[in-house]
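Asker: Residue numbers (our numbering), protein chains in the order written: chain A, 1 to 367; chain B, 1001 to 1201.
Because the hints were derived from the structure by calculation, they are not lab data.
Fair warning: this is a prediction, and the values are worked out from it, not measured in the lab.
C-beta: ideal position from N, C-alpha, C; glycine also.
Check the hints yourself; a few may be wrong.
[Stated by the list, open to error] Facing chain B, from chain A, some residues (calculated, C-beta under 7 Å): (1) 29; (2) 31; (3) 323; (4) 327; (5) 334.
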Amino acid sequence: MLAFLLTLMLLLGIVIVLAYAERKVAAFMQDRLGPTEAGPYGSLQSVLDVLKLLQKEDIVPAAADKKLFKLAPILIFAAVFAGFAVIPFTPELIPTGIGIGVFYLLAIISLDVVGLLMAGWGSNNKYAMLGAMRSVAQIVSYEIPAGLAILSVVMICQSLDFQEISYQQGILLNRFPGLEFEKNWLFGIEALGINTTNIGGITTWNIFRAPLLLVAFLIYFIASLAESNRAPFDIPEAESELVAGFHVEYSGFRFAVLFLAEYSMMVLVSLVAVILFLGSWNTPLPNLTTLKFADWTTGTVGALSGILWGGFWLLSKTFVLLFLQLQIRWTYPRLRVDQLMHLCWKVLTPIALGIVLLAGIWRLLMV
Amino acid sequence: MERTSVKHKAGFWEVVKSLLSGLLLTWRHFRNADKRRAPVPVMDENYFKQPEGLVTLTYPYEAIPVPENGRYRLHNEIDDCIVCDLCAKICPVNCITIESVKATEEIGMTSDGTKKRLYAPVFDIDMAKCCYCGLCTTVCPTDCLTMTPVYDFSEVDIKNMIYHFTDLTPEQAEEKKQLLAKQQEEMAAAKAAALAARKQQ
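All chains, full assembly: derive it from the sequences and hints.
Answerer: Here it is, written out as structure tokens:
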């Protein structure tokens, strides 16, 4: 219960910052000022937006399927939020450490689709219906390349546990029960003879341990943009053509929940990308002979320093990815539906399948 | 006309390059976000030479200065006005309303030395009707009617767009009218007396 509350608070905090950052970053990239009035540099803008939304009337359209309409936002948010349960925030801190975390995450996030369809169908609105259909088609399609990219990581790491995958990518490798005698080699290849177990840092990140995972990371990142309905894959929302897609009929608290779910999804996919590919909560600085950067920026596991360093690295890497998501949104134009499906089925999925095959071969080189 | 086809570069690496150049463009704008466009007037030679930085002007706090010869809100310096009615006559939209009352004696001088002989119980300019042509300021003989650089004067009630420039209260105006009527009565009486005296001769 405590983990639930803490994660919720952390998530709300991140989402508030993210909503503000989105507006400011968008403004700066378009040579505008963004919010300036509420608080210093407009920093209270998103807090006030939330307060405003909570005060608004909760309108349920007369023609809507009221049960589905009312339940949908809660289901969507619950599905996304449940994903956070298996995210390790520091070496010691994980809301629920289960051995099949990756599998659980993929499964629970798929529930999101059901909620979207409920919202779109329940609204009894053509725009909402179109948005929901596009959204479902897109998310279901892009789960395949994303899933295959994640599968290649799982094959390299031989684990479905997020925490074990995290430990493998840093100098704390031997601290994880069951991995006491494991060793990290440069590029994961023992034949090269360079032991990176105690060097740590970026050299033990998954994209460095098995460089072909860099491609997997790109595929996952592109697919995750589509899964969280972000530009350039935002055809389900498409402000300029569908008004707002599946949540066009929502107002007040329910809209706030949908908004929260959307931003939580962005945070979640970035967190997963960081954990699977970019070294999780491990420091990016390697140990260089006498300069023990990795030791200095890891802290003591179990102590406060370990928690702070772990949280700091995880969140700062996540925010870099989130910034990239924002920048991509304000750089690239929206894809057409056919282009979207072409990219998914004819480009990303075949490459991802190839990566899975190569990851298997790479793993053979690693042992 | 001969058509020449535009060669589009294609292929994987060209696409990657163009995607990256797009990201670079937004990144460059993001990095320049600490710079602001200076609120210089259009007369300034740097007005068109500020390609970088945020362009937003936080209007009530900062504003681009207007040109000196710009035509904005009218102002009448009533102390200098000789109530000649020329402005009201030339106005193409009839937005100036003037009523005049002759003074019984000379009532002073304007700052350029013209004698004032008329009171203005009403000198109203309806800025909601004004078309900002500036003709009234051109014909004004004492240069008391001018255009100021004030352009932000919107009102909730359109009646507040009528600007009253008279320096007389209604009571004072009434008093002046009575004084004039009295003087004219006296003059008429004097004339009649003179006429009667001439007839008797």
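Asker: Taking the least C-beta to C-beta distance, is residue 334/A closer than 7 Å to chain B?
Answerer: Violated, about 14 Å.
Asker: A closest beta-carbon separation below 7 Å is what the hint needs, so does residue 31/A meet it against chain B?
Answerer: With a minimum Cβ separation of about 5 Å from chain B (threshold 7 Å), the hint on residue 31/A holds.
Asker: Would you check whether residue 323/A satisfies its interface hint, that is, whether its CB is within less than 7 Å of any CB in chain B?
Answerer: violated, 9 Å
Asker: Just to be careful: measuring from the Cβ of residue 29/A to every Cβ in chain B, is the smallest value less than 7 Å?
Answerer: OK, holds: residue 29/A within 7 Å of chain B, min 4 Å.
Asker: Identify whether the interface hint at residue 327/A stands, where standing means a beta carbon of chain B within less than 7 Å of its own.
Answerer: holds, 6 Å
Consistency note: the structure conflicts with the earlier hints numbered 3, 5.
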